[in-house]
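With the hints as extra help, turn the sequences into a complete structure.
Protein chains: 2
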Amino acid sequence: MKNKQLILTKRPLGVPDADTWHLNEADVPALEDGEFLVENVFVSIDPTMRGWINDRKSYMPPVALGEVMRAAGTVGKVLQSKHEDFLPGHYVLGSGGIQLYTISNGKGWHRVDPTLAPLHKYLSVLGMTGFTAYFGLLDVGQPKTGETILVSGAAGAVGSIVGQIGKIKGCRMIGIAGGEEKCRKLIETYQYDGAIDYKSQKVSTKIKELCPEGVDIYFDNVGGDILDAALARLNFKGRVVLCGGISQYNATSVKGPANYLSLLANRGRMEGFIVFDFARRYGEAAKQLAEWVAAGDIYSDEQIEKGIENFYPTFLKLFSGEKTGKLILQVNDL
Amino acid sequence: MKNKQLILTKRPLGVPDADTWHLNEADVPALEDGEFLVENVFVSIDPTMRGWINDRKSYMPPVALGEVMRAAGTVGKVLQSKHEDFLPGHYVLGSGGIQLYTISNGKGWHRVDPTLAPLHKYLSVLGMTGFTAYFGLLDVGQPKTGETILVSGAAGAVGSIVGQIGKIKGCRMIGIAGGEEKCRKLIETYQYDGAIDYKSQKVSTKIKELCPEGVDIYFDNVGGDILDAALARLNFKGRVVLCGGISQYNATSVKGPANYLSLLANRGRMEGFIVFDFARRYGEAAKQLAEWVAAGDIYSDEQIEKGIENFYPTFLKLFSGEKTGKLILQVNDL
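Here the protein sequences line up with chains A and B, keeping their order.
In terms of this note's numbering, the first sequence opens at residue 1 and continues consecutively.
In terms of this note's numbering, the second sequence opens at residue 1 and continues consecutively.
I should point out that these hints are in silico values taken from the structure, not numbers from a laboratory.
Some hints here could point you the wrong way.
[As the list claims (entries may be wrong)] Within a straight-line C-alpha distance of at most 30 Å, the following computed BS3-like cross-link-like pairs (lysine-lysine) qualify:
| id | chain 1 | residue 1 | chain 2 | residue 2 |
| --- | --- | --- | --- | --- |
| 1 | A | Lys57 | A | Lys255 |
| 2 | B | Lys237 | A | Lys107 |
| 3 | A | Lys2 | A | Lys107 |
| 4 | A | Lys255 | B | Lys206 |
| 5 | B | Lys237 | B | Lys206 |
| 6 | B | Lys208 | B | Lys167 |
| 7 | A | Lys206 | B | Lys255 |
| 8 | B | Lys167 | A | Lys169 |
| 9 | A | Lys206 | B | Lys4 |
| 10 | A | Lys57 | A | Lys317 |
| 11 | B | Lys57 | B | Lys144 |
| 12 | A | Lys144 | A | Lys287 |
| 13 | B | Lys4 | B | Lys206 |
| 14 | B | Lys255 | A | Lys57 |
| 15 | A | Lys57 | A | Lys10 |
| 16 | B | Lys237 | A | Lys287 |
| 17 | A | Lys255 | B | Lys199 |
| 18 | A | Lys144 | B | Lys57 |
| 19 | B | Lys287 | B | Lys144 |
| 20 | A | Lys144 | B | Lys237 |
| 21 | B | Lys107 | B | Lys77 |
| 22 | B | Lys4 | B | Lys144 |
| 23 | A | Lys199 | B | Lys255 |
| 24 | B | Lys208 | A | Lys57 |
| 25 | B | Lys169 | B | Lys208 |
| 26 | A | Lys255 | B | Lys202 |
[To be verified] A few chain B positions that, by computed beta-carbon distances, are all more than 10 Å from chain A:
| id | residue |
| --- | --- |
| 27 | Ala26 |
| 28 | Ala30 |
| 29 | Asp113 |
| 30 | Asp301 |
| 31 | Pro313 |
Glycine is no exception: its CB is placed at the ideal position from the N, C-alpha and C atoms.
Now the structure itself:
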């Protein structure tokens, strides 16, 4: 049995080029006691992967050169097992990396039920992506009914869920995305009250127009000029939830928010979070999100690309904006 | 009776020039019922004044062109009164502006007792300056015993008090100031455990050396490169208390903190505050600070310049660093 593994081969400066990873063929070793073999089906493709390949301290150690590229989450099927809890035929969620097969000892892995939801949803609204939206908006942002919430990357994996959770909580939601089609989707599918197309509109002018009473929470996925435009309209005691800064991930020199002193004038708070910190409460989020999905209050989009050899062009779509909702790579047939 | 009033005459770009204000002579009008006349003695000179002369929304409306320049605080003596609570001979603290005499209706004014502390201390450790250090460090920063706290502008009015409150709370205090003499003062007078001279030392290297376990709280009075250096060493769940950003107040293009994504990786919080928001708790702060001063746990420095005609060179000392502790202008004899 042959594995294909995406190996990190160098540390990129700026936008990673195709040589950053290399697809390696390797034998799948025999299982030891307490291990099981997973055939990975879906792997999660996320902006945060860009940070993992820098040689820099962050919320996790970097992926080492020569190692299999990490994925925030993978869903697959157990093929063989010498583990008492994970048995052949079980569907499992874990962090199996970008490869066809993973051997696991079970630590950090969970069973998922393919009859409750399509498997790929466990990488999207019913997994880390949904949890990120849930804890980021509710715990870090602390929204109150009637507040105005501005979201960047609003048609993205997390942003599209944030919009719908905000509506459930009775807030006025304004989303920023790139292009007419995504902006239409913000209103028609993700329940946003207003949409700003950063590709064709002046963001600062549109924020003023669509948030006439200012911004109570800015949920930031992008950083850069849009963060500055949001800071300029922040309300008294406004909150900036730092979920990501994708506009800066490939930058060789990061643009800091020149309007950060708005936090002083408005007694604002800018706070970062990582979903892993809420691990003890994943159960709560999973239950609540599943209820909202079942009730039709939250709709989630996944864009599924196919083939492990397509990792690189798929990864680039995170930064080019050629995707809506959650980006997933399918590496084996279901 | 002739008043001298410092009138704002134009809105500066960058460092204000001498023409930004004009010293006006005017008659002191007669008192109406409910008013009293104060002879101002000490007026507070603060970095935040730079923001008030921009034509820009901030935590207070700008000083209008043609208006008397606002001061955060003034202490003086009541000369005449048609007010039942403020009587001739009373010493009073209020916001009398940069002028020799002020007519007040009493709103926002309080009596102070010159036998408990020298009058100018009510603009310093026993007034807004002390309250800013107290609420900023304790309420916004939320220090825990044993934490490392880094303070910029550490030899300044607020920073010198923050250092001493931090020591009282059992924290390790590292201060940043400009010049050898100020740095000596940080250690010898303001109780700091370590000092960094940003004029002669590489701040990022020194932070690494003096905060080997990272920075739990960064109390920022300056912004700019020092804010970036602090963000780079921020600990998990670290807090950046935004008290000021004096390095940027005269900048025509503000330098945003390029390392702001450290807040994300470390789940940090950067939060601004204005002391006025704590007005209901000034009594608590005043009592506590007075006790610490009486016990010898807090020492405060005031640099008193003389003459209303010296407002402009005095004001410039805020930005040139030619001052230690609290800068005060004495406009009338005591």
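Subject >> Numbers of unmet hints, in rising order >> reply: 8, 9, 11, 13, 22
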